[in-house]
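K.L.:
Taken in order, these protein sequences are the chains called A and B.
Quick note on numbering: my numbering labels position 94 of the first sequence as 94, and the sequence is numbered without any gaps.
Quick note on numbering: my numbering labels position 80 of the second sequence as 80, and the sequence is numbered without any gaps.
Check the hints yourself; a few may be wrong.
Far from chain B by the CB rule (all over 12 Å, computed), these chain A residues [stated by the list, open to error]:
hint, residue
1, S32
2, D56
3, V76
4, A95
5, S109
6, P131
7, I213
8, G216
Some but not every residue of chain A turned toward chain B, in silico, with C-beta under 10 Å [said to hold, decoys possible]:
hint, residue
9, G18
10, A22
11, H119
12, N122
13, T135
14, P157
15, P178
16, A199
17, G230
18, V264
19, R269
Worth flagging that the hints you see were computed from the coordinates, not collected in a lab.
All values derive from a computational prediction rather than experimental measurement.
Glycine included, each C-beta is placed from N, C-alpha and C at the ideal position.
Protein chains: 2
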Amino acid sequence: MTDTTVTVASCQVALAVGDLAANRRSLRSAISEAADAGAQVVVLPELANTGYMFADIGELRSLAEPVDGLTVSEWVSLAGEHNLIIVGGFAEAGADCEVFNSAVIVDASGVLACYRKAHLWNTEKADLFTPGSGTPPVVDTAVGRIGVMVCYDLEFPEWVRTAALEGAELLCCPVNWPLYPAPEGERPIEVIKVQAAAATNRMFVAAADRAGIERGQDWLGGSVIVDADGFPLTTLDLGVASVHIAKLDLADARNKTISELNDVHADRRPELYFEAERRAHGTT
Amino acid sequence: MTDTTVTVASCQVALAVGDLAANRRSLRSAISEAADAGAQVVVLPELANTGYMFADIGELRSLAEPVDGLTVSEWVSLAGEHNLIIVGGFAEAGADCEVFNSAVIVDASGVLACYRKAHLWNTEKADLFTPGSGTPPVVDTAVGRIGVMVCYDLEFPEWVRTAALEGAELLCCPVNWPLYPAPEGERPIEVIKVQAAAATNRMFVAAADRAGIERGQDWLGGSVIVDADGFPLTTLDLGVASVHIAKLDLADARNKTISELNDVHADRRPELYFEAERRAHGTT
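Produce the complete structure using the sequences and hints provided.
P.N.:
Set out below in structure tokens:
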């Protein structure tokens, strides 16, 4: 029998906006810590090469790297050195001065997929990033079928569904969640949405968030790994740099059955959803 | 200025399978309690006229009522008496011996909408109910714009979205959640999904569940009313017959803004979702 278990790490890293070399060092250190703890898949935050709080598009352009730049190349090397899959976010320099809020899935052989965030958050969309127009990639890796999307993308259940329907067993999400207050005793709503995304699709979800404060922006630091029933396998460590590790059995995500006669995907009524979308948007 | 606040009750009722008269009495009592507490909208459980654990289709057919039967007619009377909107589930006798797992929205003037559950749970789909094929109705009432869907429907974010895009400010959900164990200290996943449904759409959601045990089936009793940020306004009272009351300001649900430049509906990329559905299903 094939072993379907996999150890996953979500690395909650403190980054320094604008300091590419320092960020590579911080990420290298988190990746090593995760590898030492037995991780086979390592998830890094959104925009992990650059940080997030850019002064303007000029600063962002000066920092963005091509997919074969130093940051992603180093992740490929580290994936080889530690026998890992690494999923991480980075500011990607595209053609024509465009910049994308991207994420890659890499292993020792190189970049398996590069995805560009389709749902942009706040000022990202005003003057910084070009939105992606491709669906979230889902790729077969040595340890299982892995999908990727970035931060605010996760808040669109339709988007999560596309990855799940493509067979993602583990959805990896680099995020930068700004800190918003939650009522006393309540789990952050971003984490609740991750739980629902996982349970709705019977799919594991690993989110890697930021730690610390950056140019006045405090980050939630809500990194979490959630099982296919929608329950967290890791403990929240809000705001603190930390590596969150969980051992998953991906076989759970291959079984979409939730009762004798129910299957979370087969029970969908896509023809009705299409019809409703058409009515709402006049799209065909 | 128009008052946009509304007091809502989710009634967690213990029902007796097969005893229509006893169930009408229990519902009447819960409705009165809710009205006395100031409720303007009262949500009742799924299949509130009949109970749930039918021995077979014969028993179900013998209990099902038309939409103008005794149960719904009594709700219309009580809506008039107490000046309420009532949303409740009932086994609906259709034409040709078909039975639907339906829910109505009623006020003093009569039935404003009747919806037939589109996503059937377990044995419901084997030999008991015919699935509905209409989208969830959303109607303007004296107190705000109200949508309705039933139990397992809620677990399909696409379905929740149709109601939200139709402008539902409050989604009312008659449910019968079977009891499944959750890990120690975790909120039931059904409630997590309600929270995510609300937050994803900035819409209030009120779910009314069952209490007690019925022919060996234990019910979760997870009735909850959740605000447009996705946080519960009521306290869970798992398994116990109880009326849950919350005062909502529906203005919160009219504002879909979550940052300077983000709007949970306007930020959708429906053309990409369409494309992904087409690829997954070959549907056009």
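K.L.:
Work down the list of hints and note, for each, if the structure agrees.
P.N.:
Evaluated hints:
For S32 of chain A, the shortest C-beta to C-beta distance to chain B comes to about 31 Å, beyond the 12 Å cut-off, and the non-interface label holds. The beta carbon of D56 of chain A sits about 16 Å from the closest Cβ of chain B, which is more than 12 Å, so the claim that it is off the interface holds. Residue-level check passed: V76 of chain A sits 28 Å from the nearest beta carbon of chain B, beyond 12 Å. Remark: the non-interface label on A95 of chain A is consistent with the geometry, its nearest Cβ contact in chain B lying 21 Å away (cut-off 12 Å).
Annotated as non-interface, S109 of chain A keeps its C-beta farther than 12 Å from every C-beta of chain B; the closest such distance is 26 Å. Separation of P131 of chain A from chain B is inadequate, the least Cβ-Cβ distance of about 8 Å not exceeding the 12 Å criterion. Taking the minimum C-beta to C-beta distance to chain B, about 18 Å, the non-interface status of I213 of chain A holds against the 12 Å cut. Remark: the non-interface label on G216 of chain A is consistent with the geometry, its nearest Cβ contact in chain B lying 15 Å away (cut-off 12 Å).
The criterion of a C-beta within 10 Å of any C-beta in chain B is not met by G18 of chain A, whose closest approach is roughly 23 Å, and the hint is violated. Look at A22 of chain A: its Cβ only gets to about 28 Å from chain B, farther than 10 Å, so that hint breaks. A hinted interface residue such as H119 of chain A counts as satisfied when its beta carbon comes closer than 10 Å to some beta carbon of chain B; here the least separation is about 6 Å, so the hint holds. The criterion of a C-beta within 10 Å of any C-beta in chain B is met by N122 of chain A, whose closest approach is roughly 4 Å, and the hint holds.
Interface restraint check for T135 of chain A: the shortest CB-CB distance to chain B comes to about 5 Å, inside 10 Å, so the restraint holds. At a threshold of 10 Å, the smallest CB-CB gap from P157 of chain A to chain B is about 3 Å, leaving the interface hint in force. Nearest Cβ of chain B to the Cβ of P178 of chain A: about 8 Å, under the 10 Å cut. The hint holds. Interface restraint check: A199 of chain A against chain B, minimum CB-CB distance 5 Å, threshold 10 Å, status holds.
Nearest Cβ of chain B to the Cβ of G230 of chain A: about 5 Å, under the 10 Å cut. The hint holds. Because the closest C-beta pair between V264 of chain A and chain B is about 7 Å apart, less than 10 Å, the hint holds. A cut of 10 Å between beta carbons decides the hint on R269 of chain A: the least distance to chain B is about 6 Å, and the hint holds.
Hint check: violations occur at hints 6, 9, 10; the rest are consistent with the structure.
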